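Student: As a plain string of letters, each chain reads:
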Amino acid sequence: MSDAQRIVFGQNPNQAHHAFRYTDALGLARNDVMGAIRADLGPRLPWPAPPPRNAPVIGNVIVGGVWLRYRAFAVSEELVNVGSITRR
Amino acid sequence: MSAASPDGKLGPFRNLRGDELSIIRNMLAATPFAAKFEAQLAAVKVQDMPDGGMGSLKFFGGRPRSELEYGKEIAEAAFRDADGVAVSLSLSVDKAGNLFELDVFKADGSPLVRYPELDDLDIIERYGQLGFPPPRS
Chain E
1 MSDAQRIVFG QNPNQAHHAF RYTDALGLAR NDVMGAIRAD LGPRLPWPAP
51 PPRNAPVIGN VIVGGVWLRY RAFAVSEELV NVGSITRR
Chain L
1001 MSAASPDGKL GPFRNLRGDE LSIIRNMLAA TPFAAKFEAQ LAAVKVQDMP
1051 DGGMGSLKFF GGRPRSELEY GKEIAEAAFR DADGVAVSLS LSVDKAGNLF
1101 ELDVFKADGS PLVRYPELDD LDIIERYGQL GFPPPRS
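These protein sequence lines are chains E and L, in that order.
According to the working numbering, the residues represented by the first sequence are 1 to 88, in order.
According to the working numbering, the residues represented by the second sequence are 1001 to 1137, in order.
Worth flagging that the hints you see were computed from the coordinates, not collected in a lab.
It should be emphasised that the depicted structure is a prediction, and the values quoted were computed from it without experimental measurement.
Please note that a few of the clues may not be correct.
Here are some chain E residues pointing at chain L (derived, C-beta under 10 Å) [said to hold, decoys possible]:
#1 Arg-6
#2 Val-8
#3 Asn-14
#4 Gln-15
#5 Arg-21
#6 Asp-24
#7 Pro-43
#8 Trp-47
#9 Pro-52
#10 Arg-53
#11 Ile-58
#12 Phe-73
#13 Gly-83
Residues from chain L that keep clear of chain E, each with C-beta distances beyond 10 Å, as calculated [stated by the list, open to error]:
#14 Glu-1020
#15 Leu-1028
#16 Leu-1112
Ideal placement from N, C-alpha and C gives every residue a C-beta, glycine not left out.
The whole structure should be built from the sequences, with the hints applied where relevant.
Tutor: Put into structure tokens, the structure is as follows:
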């Protein structure tokens, strides 16, 4: 895990709902999804903000036997925001 | 930008606005799907998604479709909003190949200020690679 950038999944309930809407529909526990993504992202931080080409980083993780694709932006030197978690 | 309710529900049905239509057409132009969806776009109904005002849209496909019907992403784009914050756009189809969502993900989750001029819209092609997008060719 990075000491420099904290990983969040939206910064209010609406954003969290939007980030997890697919994994909720799949019946995956949010804590499991967050844990897998944090484990995938953490070793690769820190990232620059703003990002190259204004585009997010894309990554894949597997949770409960389901491959997921996530998008994540570095918001600042302190924060990475994960959103748009879909089935790969 | 969004008429979606704050309680996780979709907004009312409406037509695409002109700026949304231009952005989606521009994203589709770089794909094999442009001709397929061109006739639909002018008449398609959409609903604002409850994403905190980032501007995500759900396309109406003649019946309610759950997230479980998500198929795949067919186009990606990015731009910098008027407040300087990066914004990612992802256009997807359902498992039957019909337009499904325009997902808008603003880096800090704040409401979208405005869509960019088309010259400022960056169409992203990742060539199947993860991580950061490749440099613009």
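Student: For a quick check of understanding: which of the numbered hints are violated here, in increasing order?
Tutor: 1, 7
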